[in-house]
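Student: In case you want the letters, here they are:
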Amino acid sequence: MQEEFNEIFLKYHDIISLGVYGTAIGLILIGLYAVLMKKNLVKIVIGLTIIDAGIHLLFIGIGYINGGTAPIFSPGYEDAAKRMVDPIPQALVLTAIVIGFAVTAVALSLVIRLYKHHHTAKIDQIKSLKW
Amino acid sequence: MNIFFLIILIFFSGAILSFIINRIAPKFSGITTFVTIAVVSFLFFTQVEINSITQFSLGGIQMQFGVNNYTYIFAILVLGLSLLASLFSIKYMQDNDRLGYFYSNFILSIAGMVGIIFSRDFISFFIFWEIMTWSSYLIVIYDGARSSRSGLKYMIFSAIGAYAMLTAIVSIKGSYGTFIISEAIENGAFNFTDHIYIPIMLLVGFAVKAALMPLHVWAPNAYSKSPMSFTAIFSGAMSKMGILGMGLVLASVYSHSTDENAFNVLILRQILGWLGGITAVMATIYALIQTDAKKLLAYSSVAQLGYIIVGLSTGTKLGVMAALFLAIIHAVFKGALFMVAGAVERQVGTTDMTKISGLIRKMPFTFFTALVSIIALAGIPPLGGFVGKWMLYEALITESNNYFLVIVIFFSSTAAFMYSYRFLFGLFLGQEEKEIEHVKEAPVTMIIPMVILALILIVTGVYPGILFEPIAQGMQYLGYSDVNWDMSVLVNVWGEESNMAYINLTIGVVFVVIFIFLTLKNLKGTRYVGTKDISTSGEIPTENENLTFQLDFFKPFQRAAAPLYKRSMDKIWNDLGNALEAIFDFTRRIYTGNGQTYALFVIIFLVILLIFKNTLFTN
Amino acid sequence: MINDKDSQKIVDYIQNFARKQSLFVMAYGTGCGAIEIPATMTSRYDAERFGIRGAATPRQADVLLITGYLATKTLKRVIRVYEQMQEPKYVIGFGSCTINGGMYFDSYNTINALEQYIPVDVYINGCMPRPESVISGFVKLQELIQQGKADNGKKYRENLEWYRTNQKKIIKNWKMPDYNW
Amino acid sequence: MVITPIHYIVVPLIAAFAIPLLSKIHKELFRIVPGIVMFYNIIISFVLMKEVNEVGYISEIIAGWEAPWGINLMITPFSGFLASLISVLGFLIWLYQYRFKKVIDVDEIKSYGILQMMMITGAIGIIITGDIFNLFVFMEIVAITAVSLTSFYRGRDGAEAGFKYLLIGGFASALILLAILILYTQVGTLNMAEIAEKMHTIPLGIKSTILILFIVGFGIEAEMFPLNGWAPDAYSQAPGPTSAAFAGIVVKAGIYGLIRVIYTLFDIEGAFDFLIIAGLVTMIIAEFSAVKQKNLKRMLAYSSIGQMGLVLIAFGIGTKTAVFAALFLMFNHAIIKSLLFMTGSILMYNSKDKTISSIHGIAKNLPFVSIMFAIGAFAIVGLPPFSGFWSKLYVLTAAADKEMIMLIIAILGVSIVEIVYYFRVVNKLYFATDIEHLDIFKPSNNSLIAMGILTITIIVIGFYPDLITGYLHNAADILLDRSSYIDFVLKANVPIQ
Amino acid sequence: MEDLGLKIFGAILTTILGFTVGMTYGGIVRKLTARVQNRYGPPFYQNFLDLLKLQVKKTNIAHGFMGHMAPVWIIIAAVTVLLFIPILNGNLWFPNMSFHGDLIFLLYMMVFGSLGMALGAGQSGNPNSAIGVSRGLSQMVGFEIPFVLSLVALMIQYETTSVQELTQIQHETGVWNAISNPFAFLAALFASLGMFRYSPFDIVGAPAELASGPVSEFGGKYLGTMMSGGAIFAFIKLTLYVHLFLGGAGNPDNTGIIATLLGLGVLLIKTFTLYMVPVFYGWINPRYRTEQAIQYFWRWPTALGIIGVIWAVYS
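One line per chain: the protein sequences are C, R, S, G and U, in this order.
The opening residue of the first sequence carries number 310 in our numbering; numbering runs sequentially from there.
The opening residue of the second sequence carries number 38 in our numbering; numbering runs sequentially from there.
The opening residue of the third sequence carries number 370 in our numbering; numbering runs sequentially from there.
The opening residue of the fourth sequence carries number 2 in our numbering; numbering runs sequentially from there.
The opening residue of the fifth sequence carries number 521 in our numbering; numbering runs sequentially from there.
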């Protein structure tokens with residue numbers, strides 16, 4: 310896995326900073342940890358949100374060009390076509406954020422309902438459906 | 038319209054019709070069935086030309102319909118028996134509910150059998166095979182609580198067989214490029230050299246229906262739990278579909294036997310023969326400890342099928358002929374016997390031999406049928422059963438040199454006397470208990486088919502040549518070229534001739550002379566007494582005293598043959614089933630119910646794939 | 370020809386000879402007399418040389434041998450056995466008890482005279498009769514058979530009502546099946 | 002009005018917004034309008050299917066941007082087939098749930114029909130889109146609506162199943178998003194045709210990583226083992242019509258994603274073998290697990306997973322016959338499993354403790370439902386003359402052509418297991434007992450009609466499979482022709498013949 | 521068939537011969553038994569007297585149709601089987617209906633009579649009869665195994681299934697099968713113990729235990745008819761054994777009166793000798809239980825039979 314990321318890095322090494330990727334991947338891993346290890350439903354939902362956030366950050370990072378501008382042709386930015394930030398990832402992220410919001414909303418509503426019925430928020434105690 | 042499609046159409050519309058008619062007038066459901074089968078029989082025997090082929094395509098698969106001399110034998114068997122059974126069924130099923138369910142499945146199962154008979158490609162063969170299977174399954178579970186488990190067992194074993202068959206069929210398509218049976222044989226699908234598993238898988242498939250040894254455990258229950266009018270067909274005709282297939286496959290395997298595969302063929306022959314023999318023995322010894330007449334007959338069916346398979350396994354002229362002859366005779370007498378059991382069940386309410394006895398005076402015609410059929414079953418001259426057994430022994434001794442198998446078969450057939458007698462004694466002889474006082478003879482529509490079958494047995498016994506004719510022709514189709522039997526003269530490999538008509542004539546003359554003489558003599562001064570009038574050391578039996586010896590009838594034999602009873606196949610299969618269930622129970626525990634675990638699965642799966650991606654995926 | 374009187378005689382003679390020479394005995398060991406039967410049958414006295422042989426069931430038996438006193442309960446069984454036998458059938462009363470009750474003449478539960486209940490052909494008296502007497506009784510029976518005088522089954526059938534009345538006096542709860550001869 | 006693929010998406014969306022307004026006119030419109038939309042979908046589907054069968058591909062450009070730059074909607078015979086299947090099923094499911102007491106009684110806010118409609122729209126969207134990110138969006142629509150429908154009943158189990166679905170579904174969306182992200186960095190486009198064209202430029206390592214991410218992402222929706230933990234819960238807890246929709250529609254969309262990715266986007270060797278193995282494992286474990294289930298719907302869910310395994314196997318074999326067989330299987334699975342869920346749900350509503358054993362002999366009270374369930378069971382285990390037999394036969398034939406004898410034996414062995422648990426249920430249905438089933442929940446007539454249509458389809462196709470085999474053969478051929486897809490979108494919009 | 525008349529005459533002659541010899545042997549055995557027990561014993565013709573007496577019984581009872589049929593059935597079976605057995609090898613006066621492959625036929629036909637008896641016994645409703653039948657059938661399964669094994673051995677050895685031919689071969693080679701295949705002979709001999717149902721294998725009739733087993737309810741004419749059938753069967757079994765193992769009797773080349781009588785003499789001597797085997801065995805043995813009897817046959821006799829078959833294959 311490292312090699313591929315290295316290649317990505319090489320391609321974009323001049324325009325992005327390691328920090329963005331580091332943060333993004335860090336976020337994803339933190340989110341994964343929360344989802345897989347934490348027992349509390351709310352924490353799991355938070356973990357999912359963090360994963361989403363990490364991926365969104367990664368998206369933004371990929372689209373970003375060092376010193377890039379918005380892809381808008383306005384006076385003073387005639388060279389925008391050359392050094393503009395790729396707009397598509399941003400558009401995608403926007404969509405993804407909306408979706409993520411919806412998912413979180415539904416998830417939290419379910420958490421509430423689960424808590425109401427089970428009187429607990431521990432995921433390993435909510436196992437009435439199994440096998 | 039093509040005659041074959043017409044027949045199928047009639048069958049299916051008959052099935053639907055009988056279902057609908059049951060909603061309107063339940064009485065006519067059975068008559069509809071009878072008429073349907075009668076019409077089809079009429080069409081089949083008048084309109085179908087032997088060796089004509091109809092080609093068509095369904096679902097992109099080439100299919101062929103047609104009847105040849107070999108399948109014609111089975112057509113006679115199936116249609117004849119089902120006609121009689123459906124006639125029998127009208128009164129037998131009269132008082133039951135859900136008749137529409139019963140009769141539509143009844144017709145469908147016969148449609149399946151007839152379809153099998155005229156299918157000349159594997160796919161339509163398989164389709165009809167499965168139609169036959171599930172419709173018969175539905176009839177087995179017709180009785181609800183009592184038969185549910187047997188039905189499931191039947192279906193599972195049928196599925197094992199059917200899928201083994203399907204494996205072979207698609208392998209033939211894959212390896213030899215055709216679904217047409219004759220082409221497959223030509224292309225060498227049954228050469229037994231390259232794809233040995235193809236004929237073996239097919240044989241396994243057929244063996245299930247023919248209730249061969251390790252796969253027979255469904256049969257006793259399924260036979261005894263379904264309504265008797267159907268069991269007559271079930272055991273009489275449907276099991277013969279397995280024989281049909283086995284005969285076809287074995288004949289092709291044997292005829293392609295060369296030096297290369299000689300050893301394989303020899304092994305196959307021995308294994309099949311011994312399996313048949315062991316089936317016969319085990320089924321027989323289990324038959325004779327049964328107390329339910331239906332179950333006894335069911336085990337007996339399995340045993341008889343064992344003989345037939347032994348005959349087929351020899352692959353010799355006489356052996357195959359014996360098998361086919363026995364197949365027909367078995368269909369007739371077992372059909373008759375199950376009808377007898379059905380008649381008794383209907384008139385008395387039970388077939389438990391510990392509860393009833395002494396029906397001979399109440400149901401004389403039924404007894405007559407039972408007696409004739411039992412004589413045929415036991416293989417006692419002069420009825421047809423003997424001719425078949427005689428050929429079988431001759432084949433084993435003279436042609437296939439399988440001497441010890443003879444002993445096994447003979448043991449089984451001697452022990453068959455025991456359960457034959459048990460059946461007759463249990464139902465018809467012995468004390469006339471008070472419970473059966475009200476019992477009357479079965480209605481005439483039940484008597485007619487039974488008596489017809491009994492008469493067929495007598496006729497075929499005296500003139501087995503009637504059956505040799507079609508069988509010889511059928512065997513020519515299978516590749517036994519010089520089968521040309523005269524009426525009733527049998528020849529074995531040692532060149533010895535036996536004239537069955539001669540034997541039977543002698544027996545007949547002796548019979549008539551002595552019978553007339555002694556009957557006249559003995560009748561004089563004879564007083565007929567009731568069954569309570571027996572010498573019981575001067576004691577007078579009270580009304581409630583049970584003087585009939587019914588329980589543990591063959592206890593001494595059971596003790597003597599205890600090792601044979603120790604480990605039954607049922608138990609082995611049960612153990613296997615339990616082991617499988619444990620596995621099933623284990624697998625479902627993978628789904629722990631914890632959402633987090635599932636999430637973990639996803640991540641682990643992802644990681645594993647990423648680790649092994651280079652071995653998994655290449656450009 | 371067979372209706373011819375002379376030839377009938379010959380036929381009768383032969384038949385009676387066979388009957389006489391082949392006596393299947395249903396030994397009803399009612400009383401103490403039963404002990405004498407084995408002695409009669411075995412090597413020392415060897416009744417088989419007269420064609421006398423035990424029969425297992427009344428159906429096969431020719432001779433009903435009542436050995437000794439007959440309790441009222443047993444009478445029922447004896448009657449049934451007797452009625453189940455095939456004609457011609459003979460009865461031998463064995464020992465004094467069958468004749469007049471013997472030492473049990475005043476017992477409340479034995480019958481005194483067997484003749485009252487089933488027809489008896491030959492009595493062998495004594496208490497107990499020795500095997501010699503038994504054999505001589507059988508020889509007497511054989512003589513009767515040869516003369517054609519011993520067919521008491523017919524007598525029983527004809528006088529059934531009389532016998533029944535006597536029997537019913539002893540057997541209070543009469544539950545015997547009716548034999549429709 | 003010319004019917005174009007965009008109607009699939011626009012009409013339901015408009016309807017979804019319009020329904021609350023329309024319902025001011027009459028309350029019943031809440032329930033009727035989705036039906037009308039669904040029916041309109043059928044019309045679209047059949048028109049398009051007929052057209053696409055002749056021309057090969059139909060592409061619609063949205064918002065005037067040409068294909069590589071804008072979003073295009075692609076109808077191939079494969080997707081056309083699936084779209085019509087989903088439309089028809091969607092309509093039948095609507096017909097089934099219209100007046101379905103168990104839904105109406107709960108449905109205070111009357112959102113059920115709309116959610117159902119949106120789920121179906123999302124599924125169709127997945128199938129007809131030509132843009133990979135668009136596909137992701139539709140998938141999320143499906144996921145959210147599906148979760149809502151799963152937890153439709155306010156009980157604790159519904160919520161639990163919904164949460165599990167959401168959790169795993171969240172993973173799916175994250176992984177697919179990640180895959181799209183990496184893909185985008187490599188080829189710089191989101192159009193599937195263009196991605197496919199440029200696929201050979203990506204280094205193998207990255208390519209397989211992307212593929213794995215896609216496989217896991219779509220595999221979750223396609224119920225691949227071990228990603229299918231959510232499925233049994235969701236299936237068993239969702240309302241009856243939704244279960245049917247899951248089996249018939251949602252899963253199909255997941256499979257479509259997987260197949261489109263593997264067959265069209267990627268040109269990787271070994272993916273096919275992977276599909277066979279994954280399918281086999283999925284099938285075996287699911288069918289094994291199904292045997293000892295007590296809840297009928299849960300059993301059907303496992304069975305559904307098993308069937309999906311078989312579909313994956315068929316796609317994995319990868320020959321023309323196999324793909325054709327896979328399509329046929331999907332068709333059969335959609336109609337048969339929907340029928341089974343429809344009938345099974347009714348049976349389960351009648352079971353007091355939600356177990357199979359408590360519906361002994363219910364055939365007496367529910368004759369039609371029982372017989373339809375039996376026919377469905379017969380069909381799904383592949384008994385002729387029902388349609389299930391043919392698909393199984395074609396799969397086996399495809400396997401036999403490659404001489405994969407062990408695979409054949411495995412498939413058939415598992416089929417025996419299938420027979421065991423299905424026939425156990427059929428036995429129970431026709432089990433004569435004295436138990437009186439009081440308070441029977443009987444399906445309304447429209448439900449019966451919906452189920453009857455499916456049953457008749459099963460029988461008719463069983464007797465005469467040629468009705469659809471021609472179209473499916475064509476679809477299979479074109480699905481396998483990867484380059485024509487690329488050429489059609491990118492070069493001249495010339496339909497290939 | 522120009523010799524049809526001769527055949528019918530021969531058939532009647534055969535029947536009379538079989539009946540007479542069977543009955544006489546029975547009588548002789550009774551006499552001998554008596555002598556062994558130090559008794560005087562009945563005359564050797566006692567059996568005839570018994571039979572005559574039974575036949576002239578004035579009343580007979582039957583328990584129904586099967587009870588009526590049973591003795592008839594036995595006689596029919598006996599006569600039929602007798603007709604298919606070569607009494608004297610190739611003799612005109614005893615024209616057997618023997619045909620090729622009749623060994624199997626005989627095996628089955630011999631059971632025919634038993635079945636008839638069993639049915640008659642069954643209808644009588646006497647539990648003793650049923651128990652007797654049960655025992656008889658069980659025992660039959662026991663002794664048939666060694667018996668059939670020995671027959672199979674013979675069939676393999678000479679590649680024929682015809683009794684006539686087996687006799688002829690022995691006649692030509694001059695070597696009895698008892699010598700050429702002693703194991704098969706021994707097996708058959710052991711089987712014969714069960715076949716003749718003398719003690720210790722008299723479990724069917726079992727005097728003093730089951731009344732008289734299957735015949736409990738038969739008397740008079742019926743019993744008589746059964747007795748004659750049994751006598752013929754005894755003769756049948758003996759003759760069959762003699763022809764199969766002991767070289768048979770009669771000279772096919774010489775069918776004159778004297779040769780015929782001589783042949784008959786030989787036959788009688790051989791059969792009587794053979795008959796003494798089960799009788800002797802019975803004198804010194806008490807009765808077995810049924811399962812003991814069955815197991816008896818399944819042990820050594822069966823082993824001998826198997827050795828006999830192997831011997832036949834490899835000799």
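Hints are computed from structural coordinates only; laboratory data are not their basis.
Treat the hints with care, as some may be off.
[Unchecked claim] Keeping only pairs whose Cα atoms sit at most 20 Å apart, straight-line, the calculated PhoX-like set for lysine-lysine is:
1) LYS102(G) to LYS436(C)
2) LYS392(R) to LYS561(R)
3) LYS561(R) to LYS578(U)
[Claimed, not checked] A short list of chain R residues far from chain U (calculated; beta carbon distances all over 10 Å):
4) PRO251
5) ILE544
6) LEU647
Source: prediction; values computed, not measured.
For every residue, glycine included, the Cβ atom is placed at its ideal position computed from N, Cα and C.
Student: Each hint needs a verdict: does it hold in this structure or not?
Tutor: Hints versus structure:
Proposed proximity of LYS102(G) and LYS436(C) is contradicted: the alpha carbons are some 29 Å apart, above 20 Å. The suggested pairing of LYS392(R) with LYS561(R) is violated, with an alpha-carbon distance near 35 Å, which exceeds 20 Å. A distance of roughly 9 Å separates the Cα atoms of LYS561(R) and LYS578(U); the hinted pair therefore holds under the 20 Å criterion. No Cβ of chain U approaches the Cβ of PRO251(R) within 10 Å, the least distance being about 25 Å, so the stated non-interface status holds.
The claim that ILE544(R) is not at the interface with chain U is violated, since a C-beta of that chain comes within 10 Å of its own (minimum 5 Å). Every CB of chain U lies more than 10 Å from the CB of LEU647(R), the least distance being 67 Å, so the non-interface label holds.
Violated hints, in rising order: 1, 2, 5; the structure is consistent with all others.
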